[in-house]
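Use these hints to put chain B onto chain A, whose structure you have.
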Amino acid sequence: MIPNDDEVAGGYNFAYLDEQTKRMVRRAILKAVCIPGHQVPFGSREMPLPAGWGTGGLQVTASVIGPDDVLKVIDQGTDAATNAVSIRAFFRRVAGLATTERTREASLIQTRHRIPETPLTEEQILVLQVPQPEPLRQLVPRGAAARRLHAFADYGVMYVKLYEDIARFGRVTLAYDYPVLVNGRYLASPSPIPRFDNPKLDNSRALSLFGAGRERRLYAIPPYTRVASLDFGDHPFEVQRWSVGCALCGSRASYLDEIGSGGPGARMFVCSDTDYCEERREASAPARRAAGGGRP
Amino acid sequence: MSRAVVLRASGLRKVFGGRVVACADIDFELAAGEVVGIVGESGSGKSTLLRCLAGLAAPDAGTVEIAIDGGERVDLWQLDEVARAQALRSALGLVHQNPRDGLKLGISAGGNVAEPLMVSGIRHYGRLREVALDWLERVEVPRRRIDDLPSTFSGGMQQRLQIARSLAPGPRILLLDEPTGGLDVSVQARLLDLLRSLVRELGVAALIVTHDLGVARLLADRLLVMLRGRVIEAGLADQVLDDPQAPYTQKLVASMLRI
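Line by line, the protein sequences are chains A and B.
No gaps in the numbering here: position 184 of the first sequence is 184 in UniProt numbering, and each next residue is one more.
No gaps in the numbering here: position 100 of the second sequence is 100 in UniProt numbering, and each next residue is one more.
Heads up, some of the hints might be wrong.
[Unchecked claim] The following residues of chain B were derived to be distant from chain A, with all beta-carbon distances above 10 Å:
(1) Leu56
(2) Glu81
(3) Lys104
(4) Val119
(5) Ser120
(6) His124
(7) Arg129
(8) Val139
(9) Asp147
(10) Ser186
(11) Gly235
[As the list claims (entries may be wrong)] Where chain B lies over chain A, by a calculated footprint (3+ residues, C-beta under 8 Å):
(12) 121-134
(13) 144-154
(14) 202-210
The set of hints was computed from the structure by calculation and includes no laboratory data.
Just so you know, these numbers come straight off a predicted model, no measurement behind them.
Using N, Cα and C, we set each Cβ at its ideal position, and we do this for glycine too.
Bound-form chain A, shown alone (with noise of 0.2 Å):
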C-alpha cells in the first residue's frame, strides 16, 4: 500500500533521521556485517517511541531504507498488533513509504518477537529490535566483564546455564531469547524471538540486521552464515512442538499462540505468524478472503 499524499507528512528529512545519522548508523552496520555477531556501539539517537518499544530497530530501519522499499512490521507475530501498526504508520509518515503485510512482498521486514514462517529471500533484508543485546548479561553482570569473555571466546559461562537447567529440570528451559554462536566465533542474543526461530537464523538467505536502542548497540547475521544454537552432545537443542495444528489453517509446522476462543476455558492453537496463516487459508479455500478472513 502506497500512502497518498495527505499522509506524508512535510519538513522530515526521509526516514526521520538527518543523513549524518543515517551515515554513522551505516558505518555501524558495516562493521557489524564484517564480523558477523560482535556487538557494535552506535550513537543512539531519541526516537519518537519510548526506549524498549524498539528505538533500535527503528533506526537500523531508518537507516537501511530507500523510496523504492517496501515495508511490513510485524510485533508478535502480527501486522495488527499496537507496535506494528505505529511503526508502520510511522514510516508512512516521514517515508512516504510502501507497506505491506505479505512476508512475499516485502523488501524489508522490520520485527519483534518472530521471524516470519514463510522463508526469506536474497532480496529481503530482517531488522530485529532487540531489548538486551548482551547475551551474557544475567551471568556476568558487568559490561566489561562480559566484552572480555566475547574477546576470548569464552563461553563457559552460557554452558553452565545449561548444565544447571539439565540438572534441575531435566531440559533447558529458555523458550525464546535461546543463545546462538555465529559463524563459530561470537556468542549472540538472537532477540525475544523463541527458540523455534532459531533454526532459521542458520543459513539464511536473507541479512539480518539486530539493533537495540535502549542500550546502543547494533549486530548482524549476514546471509549465508553458520548459526548454532547451544547444545550439549547429548542433550540437543530442539525447538517446541505441538499435539495440534493450526485451528485456522491446519499447519503442523509453524509456532502456534494459545488464544482463548470464545466461551470459558475454551482455547485454541492458531499460527501466531497471521500472513502466514492467512496465506495458507487463501490457497486451500480463495473465497474465505473475500469474506473477511483473518485472526478471529
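Then chain B, alone, in the frame of chain A:
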C-alpha cells in the same frame, strides 16, 4: 632435582605506587610433583607473589615461565591476553583463601566443578556430570549434594569444593593462598590430609602460601621464607624449620606454638 621444572620465576619484582616494594628479586623453580611452601608474616609479599604467578597482577620486572601442554615453557607475561588466559586455564589451578572468591555461589556444586571443563570445550552433559561426581567423591563431598548451592555448604566443604574445581581440568600447577585460613583446627587437619594425598596421587606441583608453619611442615617439601618482599631463606622444609639460618626465620620458628 631431575624432574621437569613446571614453573620458574626469575627476577620478579612488583612495586606499588612507586615506593611500596611488595616483591623484589624473587627467583625460584617448582618441579613437577613438588610442594613448595612460602611462609612469611603479613605484608611480606606472599600474596602479591602468588598473584603475579597466577596471572592476576603483572609484575614490574622479571619473568614467570609456566609449562603448558606439550611440556614447553612459556613466559606468562610476554603472551598476549588471550594466549595467557588459555595457558593459565589449562596449566594452572588457583585456590583462594576464601572459598567465596573461587566459587560461584549462585550455581550448584556440580556446575562449579564442571565449569572449567565447559570452558575448555567439553560439550557433553553426561560426561561433565560424571567428572563432577567423581571429583565430589575425591574431595569427600557427598554425591547427593551435587545439585545443591555451595552457599548451603559448611566452610570446610566449600574449601574442598574449591579444590575440586581447581583440580578438575587437570592442571600441572596448583597455587594455594592460605587454604586453611578461617577453618577450625579439626577441619584444617582433614583438609591438609586431603590435599597431601591429592597432590601425591595426581603428581601436580603445588605452591602453598601460608603464615602457618604447621601447614608448611606438613605439606611442603621445600620452603621459601619471605620478609619485606624478599626471599631471605630457602631450603628443604625440615632443614629450614629445624635449623633456621636467618635471624628472622629463627624468630619465626621460635614463635611457633608447641603443643
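The hints, checked one at a time:
1. No Cβ of chain A comes within 10 Å of the Cβ of B:Leu56; the nearest lies about 14 Å off, and the non-interface call holds.
2. With a minimum CB-CB distance of about 8 Å to chain A, B:Glu81 fails to clear the 10 Å threshold, and the non-interface call is violated.
3. With a closest Cβ-Cβ approach of about 8 Å to chain A, B:Lys104 is found to fall inside the 10 Å limit, against its non-interface label.
4. For B:Val119, the non-interface assignment is contradicted: its Cβ lies about 3 Å from the closest Cβ of chain A, within the 10 Å cut-off.
5. The Cβ of B:Ser120 does not lie farther than 10 Å from every Cβ of chain A; its closest approach is about 8 Å, which violates its non-interface assignment.
6. The Cβ of B:His124 sits about 4 Å from the closest Cβ of chain A, inside the 10 Å cut-off, so the non-interface label is violated.
7. The Cβ of B:Arg129 does not lie farther than 10 Å from every Cβ of chain A; its closest approach is about 8 Å, which violates its non-interface assignment.
8. Against the 10 Å criterion, B:Val139 stays outside the reach of chain A, whose nearest CB is about 19 Å from its own CB.
9. At the 10 Å boundary, the C-beta of B:Asp147 falls inside the reach of chain A, the nearest C-beta of that chain being 5 Å off.
10. Consistency note on B:Ser186: stated as away from chain A, and its beta-carbon is indeed over 10 Å from all of that chain's, at 32 Å minimum.
11. B:Gly235, annotated as away from the interface, keeps every beta carbon of chain A farther than 10 Å; the closest lies near 40 Å.
12. Under the rule that three or more residues need a Cβ within less than 8 Å of chain B, the assignment of the segment 121-134 of chain A is violated, with 0 such residues.
13. Coverage of the segment 144-154 of chain A by chain B holds [criterion: at least 3 residues with CB-CB distance below 8 Å; count 3].
14. Under a criterion of three residues with beta carbons nearer than 8 Å to beta carbons of chain B, the stated coverage of the segment 202-210 of chain A fails, only 0 such residues being counted.
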